[in-house]
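Protein chains: 2
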Amino acid sequence: MVTLISLIIAEAALETVPKQIASHPAVKNQAQKLGRNPREILLDKSYHHSAMLRSGLESYWKRGRPDIIHFALMEALSTPLFLKNMLKVYVHTVKNKLIIIGDNLRIPKSYFRFEGIMINLFKEKIINSPDDDNMLLELHDNITFEQFIINEVRPDKLIGLSSDGVKSSAEEIVSRNNIKNSNHIAFVVGGFPKGHFSEDTSRVFSYSFSISELELEAHVVIARILYECEKILDLHN
Amino acid sequence: MVTLISLIIAEAALETVPKQIASHPAVKNQAQKLGRNPREILLDKSYHHSAMLRSGLESYWKRGRPDIIHFALMEALSTPLFLKNMLKVYVHTVKNKLIIIGDNLRIPKSYFRFEGIMINLFKEKIINSPDDDNMLLELHDNITFEQFIINEVRPDKLIGLSSDGVKSSAEEIVSRNNIKNSNHIAFVVGGFPKGHFSEDTSRVFSYSFSISELELEAHVVIARILYECEKILDLHN
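First to last, the sequence lines map onto chains A and B. Under the working numbering, read the first sequence as residues 1 to 237, first letter to last. Under the working numbering, read the second sequence as residues 1 to 237, first letter to last.
Because the hints were derived from the structure by calculation, they are not lab data. Relax, there's no trap hidden among the hints.
Note: identical chains are not told apart, hence a pair may lie in one copy or across any two.
Computed cross-link-like contacts, DSSO-like style, restricted to lysine-lysine with a CA-CA straight-line distance of at most 27 Å:
id: 1; residue 1: K167; residue 2: K231
id: 2; residue 1: K157; residue 2: K167
id: 3; residue 1: K84; residue 2: K167
id: 4; residue 1: K84; residue 2: K194
id: 5; residue 1: K123; residue 2: K28
id: 6; residue 1: K231; residue 2: K194
id: 7; residue 1: K84; residue 2: K231
id: 8; residue 1: K88; residue 2: K157
id: 9; residue 1: K19; residue 2: K95
id: 10; residue 1: K125; residue 2: K19
id: 11; residue 1: K33; residue 2: K123
id: 12; residue 1: K180; residue 2: K231
id: 13; residue 1: K84; residue 2: K180
id: 14; residue 1: K180; residue 2: K167
Please read all numbers here as calculations on a predicted model, not as lab measurements.
Here chain A stands alone, though its shape is the one from the complex (with noise of 0.2 Å):
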């Protein structure tokens, strides 16, 4: 029996500018300095954050961290599991897009180059690697949490990471929830700065666990779930 394991960063505070706030001057003034068109952007609280709050973006203070994705997936796509190729990450977007991640993918680190990556993955859909025109990202709109987990990942258990899961550790989850001997254990993360998992992305959950009494950071959990897995699938030896 071959052991899967699935990554899904949920609720992910990714998007483009949304048409309310493109005529904002914070945002066309970016949008110009990355010569493109202020829809095509990525709506970044760094940058957007007085338009997002001026023009009462509903749940605004869980939209625009691009920054948080990006660290999210460096996290998970560095980490031996993915790299050979045991790992399956996906991201499930607060708009409901849903981008899988090519098995070959290598997130650069720039902030910069990813930015760019994600603005055309948005308005292209897929992104094929120059070399091999193997799909390293595909993007798919309207598709609810729960569809897409019925749907595409199919998974075995669907363990769910939060602060108001019961509390755990990394390595007890790992080892009570038999990854070892199972089809496919998924993994959710949440990719939002604060706050819980909404009812919509909750309810589909087999457990909810959590694995500090610190609001951690998701790649911070990210990181030692994966560990915890390769440990156990010895990975090491």
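Knowing the structure of chain A, use the given hints to seat chain B on it.
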């Protein structure tokens, strides 16, 4: 006996633009976008690659990677070990500059904000908290790695982590080096894209270990070593 753990990001590819390439169009253009003097901005391979190459900048393949330092610092500063004040963090750069990280620093995940802070640090040499005036970041010029270790860190053991070190695992390194009963263990991770530590750095190590047969990114090595330190120190109970 109190355990103290230090993390040093060594030969860090973090510096401001050198005089040699300050008048290159790519540098001037980027400085203008940031509203800065060309010599104030960070050397960044993502923007300055051709300028670095054409001017024959010494060891150019090991320089201009502030993104690597951003990821490495974020990894360390997001751990419970750091958040509970049990970890001291330092950056020692290719240009023999030492950056001391204050215990209360929360580094921004946004590269745009990180860049702004680092530009200010190189200019002002110190950044204090606007809230309570505590030191957040301090920069010292002209201190070699050896001087820094002997005069500032003064660890009982200095452990280098490098792909050409003795093969081990993060767990073994932490358990065999008696972290729990030592006064002060310092770990050194490289803050550069590829290759090994220079002789100036590695000759100061007590030991040198490799934790994977793959060449892991600095931030992955940091995540794993610090997590194992937390486990052995019972930080999760």
